[in-house]
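**Student:** Required output: the full structure, derived from the provided sequences and hints.
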Amino acid sequence: MSIFVDETTKVVIQGVSPTSQGLYHGLRNRAYGTKVVAGTNPKRGGEEVEGIPVFATVAEAVEATGANASFISVPPPFAADAVLEAAAAGIPFVVCITEGIPAQDEARAYNRLVRDFPGTRLLGPNCPGIISPGKCNIGITSGDIALPGGPVGIVSRSGTLTYQALHELSQQGVGQTTCVGIGGDPVPGTSFIDCLRAFEDDPDTRAVMMIGEIGGSAEEEAAEFIASSMTKPVVSYIAGVTAPPGRKMGHAGAIISGSKGTAQAKMQALAEAGVTVAQNPTEAGEAMVDVVRKLD
Amino acid sequence: MDLFEYQGKQYFARFGIPISPGGVADTVDEAVAQADAAGYPVVVKAQVKVGGRGKAGGVKLAADADEVRTHAGNILGLDIKGHVVKRLWIEHASDIAREYYASFTLDRSAKCHLGMLSAEGGVEIEEVAATNPDAIATLRIDPVDGLGLDGARAWVARAGLDEEAREQAAELLVKLYTCYTEGDCDLAEINPLILTPDGRVHALDAKVTLDANATFRHPEWEEFEGSDVEDEREARAKARGLNYIGLDGTVGIIANGAGLAMSTLDVVNQVGGTAANFLDIGGGANADVMAAALEVINSDPKVQAIFVNIFGGITRVDEVAKGVLEALSRVDIGSPIVLRLDGTNAEAGRAILAEHLSDRLVAEPTMLDAARRVVALAGGQS
Chain P
50 MSIFVDETTK VVIQGVSPTS QGLYHGLRNR AYGTKVVAGT NPKRGGEEVE GIPVFATVAE
110 AVEATGANAS FISVPPPFAA DAVLEAAAAG IPFVVCITEG IPAQDEARAY NRLVRDFPGT
170 RLLGPNCPGI ISPGKCNIGI TSGDIALPGG PVGIVSRSGT LTYQALHELS QQGVGQTTCV
230 GIGGDPVPGT SFIDCLRAFE DDPDTRAVMM IGEIGGSAEE EAAEFIASSM TKPVVSYIAG
290 VTAPPGRKMG HAGAIISGSK GTAQAKMQAL AEAGVTVAQN PTEAGEAMVD VVRKLD
Chain U
1122 MDLFEYQGKQ YFARFGIPIS PGGVADTVDE AVAQADAAGY PVVVKAQVKV GGRGKAGGVK
1182 LAADADEVRT HAGNILGLDI KGHVVKRLWI EHASDIAREY YASFTLDRSA KCHLGMLSAE
1242 GGVEIEEVAA TNPDAIATLR IDPVDGLGLD GARAWVARAG LDEEAREQAA ELLVKLYTCY
1302 TEGDCDLAEI NPLILTPDGR VHALDAKVTL DANATFRHPE WEEFEGSDVE DEREARAKAR
1362 GLNYIGLDGT VGIIANGAGL AMSTLDVVNQ VGGTAANFLD IGGGANADVM AAALEVINSD
1422 PKVQAIFVNI FGGITRVDEV AKGVLEALSR VDIGSPIVLR LDGTNAEAGR AILAEHLSDR
1482 LVAEPTMLDA ARRVVALAGG QS
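In the order they appear, the protein sequences are chains P and U.
Residue numbering for the first sequence follows this note's numbering, starting at 50 and increasing by one per position.
Residue numbering for the second sequence follows this note's numbering, starting at 1122 and increasing by one per position.
Quick caveat, the hints were computed from the structure, so don't treat them as lab data.
Bear in mind the structure is a predicted one, so any value in this text is a computation, not a measurement.
Yeah, the Cβ is synthetic: ideal placement off N, Cα and C, and Gly gets one too.
Incorrect hints may have been included.
[What the hints assert, rightly or not] Quick look at which bits of chain U chain P covers, simulated, 3 or more residues with Cβ under 8 Å:
# : region
1 : 1181-1195
2 : 1302-1315
3 : 1332-1343
4 : 1481-1491
[As the list claims (entries may be wrong)] Partial chain P-side listing against chain U, Cβ under 10 Å, derived:
# : residue
5 : ILE189
6 : HIS216
7 : PRO330
**Tutor:** Given below as structure tokens:
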């Protein structure tokens, strides 16, 4: 098994044209084996691009093809509307990799989803996407570095460190059930906790690798969830122990976060939750190999 | 993008938020002219993007033109925590009956907007937050609903603002919220928000951070750009479109992706080295980007060795390897380079590099090995 996407997932690419990023990545995903069933473009309804039927709207694409996931990589000014269009069309799983969406747009779109479209899960924005190795790949992760078969689930806030984590495990012969890049934007549609909960419920996932980074308090919140609700072992790495302190304006940040947000605070919270905390990505991979060996 | 106080106040003014009359000055003579226009007494305020300027002597009251001359002369050129004062804001001095605090920012945990309001504003607001959190009235705002006048009225009452300030404060907070949302701010903060003895409420300071992602819909932000680069290396990198932060160590760092770049700093630090910079070249890593990155690192005299840490995903490692070689053929690099190239097509990439390796261009298989090597080449701990 896997989480969020599998071999039955049917993907519609929003914003398809012969030169769009969406088509480029969508074709790579299709080559990996992902069922890419449709594309949308308001000006190209009825056309076909690279064998993919194009519809004017997501609703039409869903009606005609039964698409149950969407992939969005449209430019930032249009991304929030694209997410809401997919949700309104009843798409249950939306992957948005677009980088550079204004925070105000993200906050509005997220809260619209929660209020009006509770059946839709948004992954991203500004994330590498999701891969269930051997079954489905939506986004920009290179399928070559993933290894099917489990037993490890990966969730990561950072793009290249997600690849690094996949690679470290695959090199050692440890497969993955699903690797989710949740993205590092201020208002991610899917959180660490959403993924941890799904991995906890997935019978084929037997251990979880969690890659975090400095800023915000998502890792601290994940630590609380792990302590209270997870039985499966978790290995974690937090990037940014030596990151330069940002020039800070105003008092609001300090008033809200107190001591939260530093790599040290996150690592301590995770360690106290029983997580194996590694000092670098290589060490995290080695620690996970140890965990997996002890499973059998 | 952080704004200077004067820019923040001008931004506030666009949304109808009351501020004191004043103007900017880059010289002593300009300061006197602005003071004459604003009306004495005036406050002479250093324009730096760092807190604690008052305690550093960067904010002074002046009763007449002679005092403006003295204070402006002292403050211009003053070094406040590494920020040299190049510009002043001169405004009419306000009589203060009460100091409040108001801000809007994003609550990342609750995924909604967060308003904070306190009747105990002023320089000690963080101390107030730590010792008496109840003195700060927080308000979580659903971005779909926004903040209306009724909501703002209930909020100022809950925060315990003085009766005579409440209606004006409520109206001001609605405007500040509009500035924060429609103005695409990450932070809009007023500390202090004052009540004058004659019953007027207005902003005495402005801390505004704009969301750089929203630049495409704010052509008016152009005037703010380029005003906050402090480090020459950062200015050079910015001109080449690179995400660079200058640091004080001896190992120059180039990596793709912010997470991997941060992680590279961590690993260098773990094996006893110090990073000279943070540099994320993004997903691409082609020859042009690599050459630009190497040029920027090469221009930093503190750099003793360079660590290029690339993980190829979509960009295949053989392409990255070609990019590195082409960049090296264009740029004459003074320091030895340690490469760690991994990911898609890593073997092919290493094969391309094999015949070019020397004691000036070294390849290592893992991040940790590469970090140890580069730190040794940089002369160990610095």
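**Student:** Give a verdict on every hint.
**Tutor:** Now the hints, each set against the structure:
no., hint, verdict
1, 1181-1195, "violated (count 0)"
2, 1302-1315, "holds (count 6)"
3, 1332-1343, "holds (count 5)"
4, 1481-1491, "holds (count 3)"
5, ILE189, "6 Å, holds"
6, HIS216, "6 Å, holds"
7, PRO330, "6 Å, holds"
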